[in-house]
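J.: Take the sequence shown: its letters are residues 1 to 976, numbered as in the UniProt record's numbering.
Each hint should be verified, as a subset may be incorrect.
[As the list claims (entries may be wrong)] Pairs of lysine to any residue, SDA-like flavour, derived with a Cα cap of 20 Å:
id, residue 1, residue 2
1, Lys720, Asn835
2, Lys64, Val103
3, Lys695, Gln705
No lab work stands behind these hints: they were computed from the structure. Computed from a prediction, not measured in an experiment: that's the story for all the values here.
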Amino acid sequence: MSFSTANLLQVLSRSADATAVYSGEDIVIEFANSAMLAFWGKDDRIIGQPLEEGVPELKGQPFKAMLQEVMRTGITDEGVIPAETLIGGELVSRQYAYQYLAVDLPEGQQRLILHTASDVTDKLRGEQALRDIDVQLDALSREQQLNEKLASTNEELAATNEELAQAQATLARLNAELEQKVQARTTALAASEAELQALNEELISINEELTATNDDLRNAQARLQEAVTDLVISEHKLRSVVASAPFPIGVYTGREMRIELANQSIMDVWGKGNDVSGKTYAEVLPELAGTGIYEQLDGVFTTGAPFHTRAQRVDLVVDGRLQLFYFNYSFTPLFDQQGRIYGVMNTAAEVTDMVLARQQVEQSERNLHNMILQAPVAMCIMLGPEHVISVANPLIIELWGKPEAEVMNKPIFEALPDARGQGLEQVLADVYQNGETFRASEMPVHLLRKGRPDTVYQNFVYEPYRNANGEVLGVIAITIDVTEQVLAHLQSEENERRFRFLLNAMPQQVWTARADGTLNYVNEVVTTDFAESAEAIVGQGWQAFVHPDDLPGALSRWKHSLQSRREYLTEYRLRFADGNYYWHLTRAIPMVKDDTVTFWLGTNTNIDQQKANEQRKDEFISIASHELKTPLTTIKAFFQLSKRDTGAPGKLNPFVGKAERQIERLGRLIEDLLDVSKINAGKMVYNKEAFDFGKLLADTAESVQQTAPAHHIELENDCKINYHGDQHRLEQVLINLLNNAIKYSPGADRIIVRCELENRNIIVSVQDFGIGIAEEHLKGLFDRFYRVDNSSARFQGLGLGLFIANEIVKRHGGSFWIESEPGKGSTFFFLLPLNGRQEFYDTDGDGQTFYSGSFIDMKYVPEAGYLDVDWQGYQNYESVVKGCEVMLDLLKKNDCRWVLNDNTHVKGNWSEASDWGAEYWFPAMAEAGLKKFAWIYSPSTFSRIAANKSLPSEYDTVQVAFFDDKAEALKWLVKS
Numbered sequence: 001m002s003f004s005t006a007n008l009l010q011v012l013s014r015s016a017d018a019t020a021v022y023s024g025e026d027i028v029i030e031f032a033n034s035a036m037l038a039f040w041g042k043d044d045r046i047i048g049q050p051l052e053e054g055v056p057e058l059k060g061q062p063f064k065a066m067l068q069e070v071m072r073t074g075i076t077d078e079g080v081i082p083a084e085t086l087i088g089g090e091l092v093s094r095q096y097a098y099q100y101l102a103v104d105l106p107e108g109q110q111r112l113i114l115h116t117a118s119d120v121t122d123k124l125r126g127e128q129a130l131r132d133i134d135v136q137l138d139a140l141s142r143e144q145q146l147n148e149k150l151a152s153t154n155e156e157l158a159a160t161n162e163e164l165a166q167a168q169a170t171l172a173r174l175n176a177e178l179e180q181k182v183q184a185r186t187t188a189l190a191a192s193e194a195e196l197q198a199l200n201e202e203l204i205s206i207n208e209e210l211t212a213t214n215d216d217l218r219n220a221q222a223r224l225q226e227a228v229t230d231l232v233i234s235e236h237k238l239r240s241v242v243a244s245a246p247f248p249i250g251v252y253t254g255r256e257m258r259i260e261l262a263n264q265s266i267m268d269v270w271g272k273g274n275d276v277s278g279k280t281y282a283e284v285l286p287e288l289a290g291t292g293i294y295e296q297l298d299g300v301f302t303t304g305a306p307f308h309t310r311a312q313r314v315d316l317v318v319d320g321r322l323q324l325f326y327f328n329y330s331f332t333p334l335f336d337q338q339g340r341i342y343g344v345m346n347t348a349a350e351v352t353d354m355v356l357a358r359q360q361v362e363q364s365e366r367n368l369h370n371m372i373l374q375a376p377v378a379m380c381i382m383l384g385p386e387h388v389i390s391v392a393n394p395l396i397i398e399l400w401g402k403p404e405a406e407v408m409n410k411p412i413f414e415a416l417p418d419a420r421g422q423g424l425e426q427v428l429a430d431v432y433q434n435g436e437t438f439r440a441s442e443m444p445v446h447l448l449r450k451g452r453p454d455t456v457y458q459n460f461v462y463e464p465y466r467n468a469n470g471e472v473l474g475v476i477a478i479t480i481d482v483t484e485q486v487l488a489h490l491q492s493e494e495n496e497r498r499f500r501f502l503l504n505a506m507p508q509q510v511w512t513a514r515a516d517g518t519l520n521y522v523n524e525v526v527t528t529d530f531a532e533s534a535e536a537i538v539g540q541g542w543q544a545f546v547h548p549d550d551l552p553g554a555l556s557r558w559k560h561s562l563q564s565r566r567e568y569l570t571e572y573r574l575r576f577a578d579g580n581y582y583w584h585l586t587r588a589i590p591m592v593k594d595d596t597v598t599f600w601l602g603t604n605t606n607i608d609q610q611k612a613n614e615q616r617k618d619e620f621i622s623i624a625s626h627e628l629k630t631p632l633t634t635i636k637a638f639f640q641l642s643k644r645d646t647g648a649p650g651k652l653n654p655f656v657g658k659a660e661r662q663i664e665r666l667g668r669l670i671e672d673l674l675d676v677s678k679i680n681a682g683k684m685v686y687n688k689e690a691f692d693f694g695k696l697l698a699d700t701a702e703s704v705q706q707t708a709p710a711h712h713i714e715l716e717n718d719c720k721i722n723y724h725g726d727q728h729r730l731e732q733v734l735i736n737l738l739n740n741a742i743k744y745s746p747g748a749d750r751i752i753v754r755c756e757l758e759n760r761n762i763i764v765s766v767q768d769f770g771i772g773i774a775e776e777h778l779k780g781l782f783d784r785f786y787r788v789d790n791s792s793a794r795f796q797g798l799g800l801g802l803f804i805a806n807e808i809v810k811r812h813g814g815s816f817w818i819e820s821e822p823g824k825g826s827t828f829f830f831l832l833p834l835n836g837r838q839e840f841y842d843t844d845g846d847g848q849t850f851y852s853g854s855f856i857d858m859k860y861v862p863e864a865g866y867l868d869v870d871w872q873g874y875q876n877y878e879s880v881v882k883g884c885e886v887m888l889d890l891l892k893k894n895d896c897r898w899v900l901n902d903n904t905h906v907k908g909n910w911s912e913a914s915d916w917g918a919e920y921w922f923p924a925m926a927e928a929g930l931k932k933f934a935w936i937y938s939p940s941t942f943s944r945i946a947a948n949k950s951l952p953s954e955y956d957t958v959q960v961a962f963f964d965d966k967a968e969a970l971k972w973l974v975k976s
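Whenever a hint applies, use it, and build me the whole structure from the sequences.
T.: Put into structure tokens, the structure is as follows:
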């Protein structure tokens with residue numbers, strides 16, 4: 001199954017992250033899941049509206065401009081931003097983490113923006129609260145240090161008080177001693193004045209000591225008063241800090257945990273009012289019995305070890321009902337001056353929103369995991385830059401072809417080492433690092449499945465896997481195994497290619513039509529014949545090409561076949577690219593499946609030659625009957641006269657001569673027919689032996705001259721040379737040419753016979769000055785039954801002579817050609833190699849830039865960038881093929897694009913190679929990079945005909961032009 005857009009939207013709609021999709025310059029809301037709609041405080045009726053129309057309270061806020069910038073540049077925008085939305089009728093400001101991701105669709109479609117967001121207000125508040133807690137804890141730490149300093153000051157004051165007490169005791173003892181001394185000395189005053197003076201001095205000294213001690217005492221009392229004042233101020237500050245702290249703080253004393261201090265935050269959390277001071281912790285929060293919290297407090301009081309916990313669930317009775325809360329809290333022991341524990345300080349931070357949000361994320365992850373495990377397509381999650389497999393459903397395990405235990409919790413390319421080196425490493429890295437989705441269709445992946453190599457074709461999506469803050473944690477892979485479909489499709493394409501190859505390989509025109517008869521396919525033969533594209537032909541239908549006279553009958557029979565679902569069989573003429581119409585036999589049969597026609601398969605077989613042959617056969621029968629009837633009539637008349645004039649034999653002598661000549665003529669006709677039969681059956685026998693060719697030429701001319709007294713046969717030279725061949729058959733060729741020259745020059749009296757020896761070839765020509773032959777008839781002169789003038793009354797003969805002559809020359813390794821001009825006469829040539837085969841040999845060449853041979857010269861002209869080719873002398877199939885192959889080789893080696901093909905020096909006939917040139921050589925030249933081809937005609941008419949057959953004047957990638965002048969050809973070739 002395919003992962004459709006509907007499936008993807010369904011997945012997005014279930015995502016815990018708020019998700020929306022926008023399009024266009026006005027930021028039209030194309031999709032928004034329930035989470036995003038909740039953020040906006042809207043329902044799905046705003047889908048399809050511009051953002052600021054669907055969520056009007058966003059006007060004046062920067063979001064539309066930010067989205068338009070992403071739509072314009074395609075650059076992702078992400079961060080944290082405040083937004084004001086209308087929730088429950090009130091304008092609420094919250095903090096959101098967002099990402100605006102541009103999604104470029106296939107060419108021709110608009111760009112979209114994928115918007116994901118998450119509410120991080122509580123998270124940010126929690127983080128700020130934690131920072132505030134840290135600040136308050138620092139303040140408490142400083143207060144603790146101040147308490148320690150106060151304790152030290154109290155110890156100093158205690159020591160000073162002890163000193164003062166000791167000084168007072170000393171002062172009392174001194175006063176007592178003084179009183180005793182005064183009394184004693186008063187009694188003895190009269191006895192000693194000097195002793196009195198000494199006593200006074202001692203008393204002054206004691207008074208001074210006492211004064212100094214009193215000063216010390218006053219100073220100590222001042223310091224004590226200052227310390228007490230500082231202590232009071234410090235305690236006030238501490239209580240003020242605790243009371244105003246934005247997070248819960250409580251101080252509990254004694255093992256019974258009596259509440260000594262509780263700030264407003266902790267009282268709000270407890271929800272028990274503000275009258276809690278002096279009560280025990282258990283009295284205020286009886287619902288915590290059995291939760292372990294009492295035991296935690298007692299443990300701290302007993303051991304002195306602090307207790308810390310995070311995200312702890314605590315159920316409290318607030319507003320008369322038990323409610324769920326989550327806290328980060330600490331219990332810290334409090335010590336007196338003697339180091340004894342006298343209480344516990346409780347600090348806390350409510351993290352309910354954060355915990356619930358995390359739980360929601362975790363639940364979303366569990367839901368996602370469950371969805372993946374139960375998904376009807378192969379899915380997995382890979383975490384981190386190593387792409388560790390954390391979740392994989394059974395379908396993807398089956399796709400990988402390995403046991404689950406061998407792949408889970410391992411990096412993907414460690415679990416599937418056979419998947420390396422296929423480009424997937426970079427794909428996954430790009431998705432993870434750039435956060436961009438990757439999609440592929442029918443991608444082949446080579447895996448080792450169940451112990452053997454296998455190729456799996458997949459449609460897959462690699463999607464970044466993000467947390468609530470939009471950070472990429474890994475990659476979600478969604479994979480559909482389409483191997484069977486792809487293989488079936490490939491097999492179907494292969495079958496289609498084979499079918500079309502077979503259709504294109506057929507020599508006939510092949511076509512198909514829909515059940516209603518509409519043409520929908522033609523093979524390459526049709527496009528070649530019509531010189532139009534298959535699309536153009538199919539668009540026009542056969543009507544555009546069928547001869548107007550044949551069209552009504554063809555359409556009527558076609559309509560009848562469509563209605564009857566029976567074979568379509570007819571004949572009509574089709575117009576080819578040259579403008580001529582050619583007869584075709586058309587046959588089509590319906591392909592029937594479940595009693596319904598699915599399509600028609602048809603062929604058009606070119607029967608134009610067959611039609612022409614039938615016409616020639618009819619003409620031949622007419623001519624043969626006339627040719628046979630004439631001598632038979634003469635012979636019949638002779639016998640009738642013989643019966644009537646039996647007594648006058650002298651009167652019969654002229655008739656006997658005429659009868660003999662007619663019998664000879666009848667014999668030649670019969671001999672020609674027998675020769676044609678032998679040629680067709682391959683049973684023509686050639687008795688080759690050495691003979692004097694010049695004597696054969698002279699004897700034949702003399703023999704024909706005796707039968708044609710009105711013409712003078714001139715033998716310019718007799719070519720005295722011995723030749724090895726069938727003397728009788730070659731005499732037959734000469735007689736045919738001389739008789740034709742005489743027959744087709746009734747208004748002239750001169751026949752010229754020439755014989756030359758050139759490059760070990762005998763060249764014989766017979767020239768007349770008669771009616772001449774038009775160029776369009778030259779190609780068919782050597783066909784059976786071909787006659788330039790089909791009027792049997794004007795020129796006698798069956799049209800077999802040149803056909804037989806051509807076959808005889810070819811069997812001697814030679815060739816035939818004609819030069820003719822209407823009204824001026826014709827010259828018939830034939831070439832006979834002395835050794836039975838024309839010789840062509842190499843003379844020079846470097847295999848790279850030039851080549852020379854007995855039949856051709858060619859060189860690459862680098863300064864002008866073209867290949868200069870000069871054909872020379874008499875050519876045949878062998879020489880043309882060899883020269884063309886050398887030309888193709890030099891074209892490739894020099895990366896050449898232009899060719900100047902000069903045939904000025906070509907003689908004779910090489911038309912037998914023209915079909916090979918058109919079918920194989922010229923397409924190979926085009927494939928090798930040929931762009932322009934200038935052909936300079938040979939003076940030989942036959943060579944011109946062959947040139948036009950070998951080289952199409954129009955070609956898809958090559959410009960072709962024909963010239964009579966080399967300078968003009970070169971000018972055209974190098975013109976940019």
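J.: Would you pick out the hints that fail for this structure and give their numbers low to high?
T.: none
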